[in-house]
Amino acid sequence: MKKSVFLGAATIAGLAAGAAVAGTVDDVKARGTLNCGVTTGLVGFAAPDANGEWKGFDVSLCRAVAAAVLGDANAVEFVPTTGKTRFTALASGEIDMLARNTTWTFSRDVDLKFEFTGINYYDGQGFLAPKALGVSSAKELDGATVCVQTGTTTELNLADFFRSNNISYEPVPVETNAEGQQQYLAGACDVYTTDASGLAATRATFESPGDHVILPEIISKEPLGPLVRHGDHEWGDVVRWTLNALIAAEELGVTSANLEDMSGNPEANPEVKRLLGTEGTLGEMLGLDADWAARAIAADGNYGEIFAKNIGEETPIGLARGLNGQWTDGGLLYAPPFR
Amino acid sequence: MSDQTTNSIAFVADGTIPPSPPPANETGVVKWLRDNLFSNFTNGLLTFASLVLIYLLLKNTLPWFLNGIWQADSLAQCREILNGNVGACFAVLTERWHQLLYGFKYPGDAYWRPNLALLLLLVAAAPVLFFDLPRKLLLFTVVYPFIAFWLIWGGTILVPLVAFLGCVAAAVAFQKLGKNSFAAGFFTAIIVALVVWNVGGALIPEGASDNAWLSAVPSRDLGGFMLNMMLGVTCVSLSVPLGIALALGRQSDMPLIKWVCVIFIEFIRGVPLITLLFVASVMLSYFFPPESTVDLFLRVVIMITMFSAAYIAEVIRGGLAALPRGQYEAADSLGLDYPQAMRLIILPQALKISIPGIVNVAVGLFKDTTLVSVISMFDLVGMIRGPILASTEWNGVYWELLGFAALLFFVVCYGISQYSQWLERRLATDHR
Numbered sequence: 146m147k148k149s150v151f152l153g154a155a156t157i158a159g160l161a162a163g164a165a166v167a168g169t170v171d172d173v174k175a176r177g178t179l180n181c182g183v184t185t186g187l188v189g190f191a192a193p194d195a196n197g198e199w200k201g202f203d204v205s206l207c208r209a210v211a212a213a214v215l216g217d218a219n220a221v222e223f224v225p226t227t228g229k230t231r232f233t234a235l236a237s238g239e240i241d242m243l244a245r246n247t248t249w250t251f252s253r254d255v256d257l258k259f260e261f262t263g264i265n266y267y268d269g270q271g272f273l274a275p276k277a278l279g280v281s282s283a284k285e286l287d288g289a290t291v292c293v294q295t296g297t298t299t300e301l302n303l304a305d306f307f308r309s310n311n312i313s314y315e316p317v318p319v320e321t322n323a324e325g326q327q328q329y330l331a332g333a334c335d336v337y338t339t340d341a342s343g344l345a346a347t348r349a350t351f352e353s354p355g356d357h358v359i360l361p362e363i364i365s366k367e368p369l370g371p372l373v374r375h376g377d378h379e380w381g382d383v384v385r386w387t388l389n390a391l392i393a394a395e396e397l398g399v400t401s402a403n404l405e406d407m408s409g410n411p412e413a414n415p416e417v418k419r420l421l422g423t424e425g426t427l428g429e430m431l432g433l434d435a436d437w438a439a440r441a442i443a444a445d446g447n448y449g450e451i452f453a454k455n456i457g458e459e460t461p462i463g464l465a466r467g468l469n470g471q472w473t474d475g476g477l478l479y480a481p482p483f484r
Numbered sequence: 193m194s195d196q197t198t199n200s201i202a203f204v205a206d207g208t209i210p211p212s213p214p215p216a217n218e219t220g221v222v223k224w225l226r227d228n229l230f231s232n233f234t235n236g237l238l239t240f241a242s243l244v245l246i247y248l249l250l251k252n253t254l255p256w257f258l259n260g261i262w263q264a265d266s267l268a269q270c271r272e273i274l275n276g277n278v279g280a281c282f283a284v285l286t287e288r289w290h291q292l293l294y295g296f297k298y299p300g301d302a303y304w305r306p307n308l309a310l311l312l313l314l315v316a317a318a319p320v321l322f323f324d325l326p327r328k329l330l331l332f333t334v335v336y337p338f339i340a341f342w343l344i345w346g347g348t349i350l351v352p353l354v355a356f357l358g359c360v361a362a363a364v365a366f367q368k369l370g371k372n373s374f375a376a377g378f379f380t381a382i383i384v385a386l387v388v389w390n391v392g393g394a395l396i397p398e399g400a401s402d403n404a405w406l407s408a409v410p411s412r413d414l415g416g417f418m419l420n421m422m423l424g425v426t427c428v429s430l431s432v433p434l435g436i437a438l439a440l441g442r443q444s445d446m447p448l449i450k451w452v453c454v455i456f457i458e459f460i461r462g463v464p465l466i467t468l469l470f471v472a473s474v475m476l477s478y479f480f481p482p483e484s485t486v487d488l489f490l491r492v493v494i495m496i497t498m499f500s501a502a503y504i505a506e507v508i509r510g511g512l513a514a515l516p517r518g519q520y521e522a523a524d525s526l527g528l529d530y531p532q533a534m535r536l537i538i539l540p541q542a543l544k545i546s547i548p549g550i551v552n553v554a555v556g557l558f559k560d561t562t563l564v565s566v567i568s569m570f571d572l573v574g575m576i577r578g579p580i581l582a583s584t585e586w587n588g589v590y591w592e593l594l595g596f597a598a599l600l601f602f603v604v605c606y607g608i609s610q611y612s613q614w615l616e617r618r619l620a621t622d623h624r
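Residue numbers (the working numbering), protein chains in the order written: chain X, 146 to 484; chain C, 193 to 624.
Read the hints as simulated data drawn from the structure, not as lab findings. Treat each hint with caution, since some may be false.
[Said to hold, decoys possible] With a straight-line Cα cutoff of 30 Å, these simulated DSBU-like cross-link-like pairs (lysine-lysine) come out:
(1) K229/X to K371/C
(2) K297/C to K328/C
(3) K229/X to K328/C
(4) K544/C to K559/C
(5) K371/C to K559/C
(6) K284/X to K200/X
(7) K174/X to K297/C
(8) K418/X to K174/X
(9) K297/C to K200/X
(10) K454/X to K229/X
(11) K454/X to K366/X
(12) K454/X to K328/C
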């Protein structure tokens, strides 16, 4: 008898836990804050500033989602995660979404039971070389010594690239990005390889960044994007379409500055009207208010504004749009239509 | 008269000869140099080599240190001011000073609270560390943990008050029953404490912390060197008594207690601390539903305490083993029961022998608290590696930040080691 009571209680507890996991949108609304997993610190992508405010490219996406769902871009509880704790934090329900420059791979999507809701940054592995070396292409690096972080996919990509181009190299294994910087500056290796955004951030810290070039070859695909738990499709849709709204807003010319004019303008492009909720019922289909996307854009601006503010060419990191340009500009950003 | 004396005797010493100064090379600096630095050819050569080494070291570090920039907004600005000269960029320390000490989320208007807690810690620890002080001061030590909790976490004062009352009730129950039977007193005390905590917890109104005089600060907002100090102090002070209990348990004649202790110690010692921390931060959140997890700080404290308690238990077991068998027999022959024998005869001697080992574990544990940065808690090292080095202003400043961290840890660890040496001298009663 006692045993069956206990089992019954356990079942109810299990059901309650299952129900709590099923409706993340409702959970977030009930809680009043969005638990967003970010990195413990990556230049330009996420880091607290001197006042303890989180700032960065990934952080802006968290704020946009919070603005869309809760109407307050500051209603975000940022949960810092390391490369080792990020997936368990998401799987255990400690965080609602992970926006932590995580590469979308087959096994993470399928085997780890996560759902990538889009790509907010197309990264790839590149090479940093001193100008004095006089190379203009990675294919001229025959016989070079290369600093590479051990135990990462960059190490494997590097081997593949040199083998497929039939040139030789000598790896200098380093443990962390900081060590890689020091080794490269000390001349322990001719070139340093890691993700191109990381190379740009690294170069920005040098005393004379102009003496170093990032070679044009990108030798791997590293699509970075936000992810949520598998199986909660309503919540996945909210995150996916918030990101799409930011991308579409840039394409349609909606910025945080002209947002008011655009939504008040009856002459506006019909897709802009649908996006901003002055026409149609897109917000309702998503389970949110009509002006959800307008709030998301108002939070930190559209995709282009977020990019320019955190990692763009005006910042010390100075990344060019490149692959992350709109499809109309030759980039890969292509938001599906809002209709 | 005087002439006669003078003439008849050639010389009379009317006092001692004033001592003449020692030869120039047998005194002062010269002698010290000769004795200590240039006593023979090899030593002279070594001295010379060391001087060259020190010169080279200073030549490279002193300009870096003395040219240091203390006021700038970013690394780029530092370099602009230095204009190509060698120099450190200590401006990162001044700009991020509060973040290094308190973490980046602790409310800025509440910094006085951890400061006061640290000050009171010195007062509370004094009678424990220096037993010449009046014993009445120990009363404050007993109350201190609750005051510190209230100061650092804030919120309603009822929570630490209920916790304190529970402990007092347990102590009273133990006093009443523990005289006759240790076990009866011990278990009654635990039950009494649990009852008081549960009843008291139910009486605290919901949302009592919302408008409390000290604003509530969640554990996740703690950080910086404050977090290292809190973890270090809490875990050391909890793990010493736990370690003693485990060491005694391992020597017990009762098989159940003995084997529980042995398995606990051997299991914990066989697992790296970082694994335990991962279990605390990652695995446990799978076992609890998302809303009702145990506080992360508490989980980490439990894991580090268990870890260091196992090591301290082994150190104390060494001390117990070093005591001659006769000490145990002497205690028995006086008719003392087990608790009395342990408290009055065995442990005072065994602990004295174990001091260097315990201090060794304590210093190691204090430094190990930086490992919490891998489970994304922002202790001093976590602050440096994460937020500060990842800011666009300060990316690339390594020596200044990590040197500062090393300095803070050195001060504390050196202090602990000096205290232990004083304690050993103070307790040296045997080989006078």
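Verification of the supplied hints:
The hinted pair formed by K229/X and K371/C fails the criterion: a straight-line CA distance of about 52 Å is larger than 30 Å. Distance hint between K297/C and K328/C is unfulfilled; the C-alpha atoms sit about 38 Å from each other, more than 30 Å. Taking the CA atoms of K229/X and K328/C, the gap is about 49 Å. The hint is violated against a cut of 30 Å. The suggested pairing of K544/C with K559/C holds, with an alpha-carbon distance near 24 Å, which does not exceed 30 Å.
With a C-alpha separation of about 41 Å, the suggested pairing of K371/C with K559/C is violated against the 30 Å cut-off. A hinted pair counts as satisfied when its Cα atoms are at most 30 Å apart, and K284/X with K200/X does not qualify at roughly 37 Å. Pair hint K174/X plus K297/C holds up; C-alpha atoms about 24 Å apart against a cutoff of 30 Å. For the given pair, K418/X sits about 26 Å from K174/X by alpha-carbon distance, which is consistent with the 30 Å threshold.
With a CA separation close to 14 Å, the supplied pair K297/C and K200/X stays within the 30 Å bound. In summary, the hint linking K454/X to K229/X is supported, as the alpha carbons are separated by about 29 Å, within the 30 Å threshold. This hinted pair checks out: K454/X and K366/X have alpha carbons roughly 24 Å apart, not beyond 30 Å. Taking the CA atoms of K454/X and K328/C, the gap is near 61 Å; set against the 30 Å cutoff, the hint is violated.
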